[in-house]
Amino acid sequence: MKLAAFELTTQPGEAPVTVFAKSEEQAEVIYREWRRHHRRHDTADTVLTYAYRGQLLAARPLLAACAARGEPGIAYWDELYREWSVEQPASPVTGDLTPLAGTNEYYRVDTDKGDVVLVFAASPEEATTSTLVYFMNEYGEAPTYWQMRRQSRWSLVLAMAVLRDQMEAGVRGVATWSQDDGWSITEPAYGMDVSELGI
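In this text, residue positions in the sequence shown follow this note's numbering: the first is 2, and each later residue adds one.
Among these hints, one or two may not hold up.
In silico lysine to any residue, SDA-like type, Cα no more than 20 Å apart, as pairs [said to hold, decoys possible]: (1) K3 / A65; (2) K114 / E139; (3) K3 / L63.
Pairwise CB distance ranges (calculated) [to be verified]: (4) E188 / Q152: 15 to 21 Å; (5) E84 / D113: 41 to 47 Å; (6) D111 / Q89: 43 to 49 Å.
To be clear, the hints were calculated from the coordinates, so they are not data collected in a lab. The structure displayed is predicted, hence computed values, not measured ones. Using N, Cα and C, we set each Cβ at its ideal position, and we do this for glycine too.
Modelling step: build the complete structure from the supplied sequences, incorporating the hints.
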């Protein structure tokens, strides 16, 4: 049975529950049953669903490997083995609903020229360095003004969910996109002495 992966939540920006199912309808039924058994206090009716099938699923190999087993149900993350397993909605919880965040944080940088850069780093200082190196490499100069804000990793959905997977695996750098590879986190090329940046 060919399955897709679905991330379901009742609120934007909230950690999702991953479900393997044939369709969005089946995923929602499984999710609602899981909530009845494990989140009785949660009475929200609205369910936000993000579907991962085809290329979106292939770009997330750990999810794709679990979906290929063909077993519908709730996905639990095993941090020790770094893999997903599947249980029925009423079964006891056997792992984490999501991978641990790790040491990385996710920042959005907006500049005075309208550029937006997504940065993944262990600290604001590291994010600042990566941002400046990125702008020096891309444009030959740093922006006159820019603002960096920490973001929730749960806002990285659909095609950008691969960035969340890489972030959780400890990859640091700047988000880049290409026609062939889609989104990925790339470490800025430090072709200069970072001390030249004045930070």
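| request: Could you tell me which of the numbered hints above are not met by this structure, giving the numbers in increasing order? | output: none
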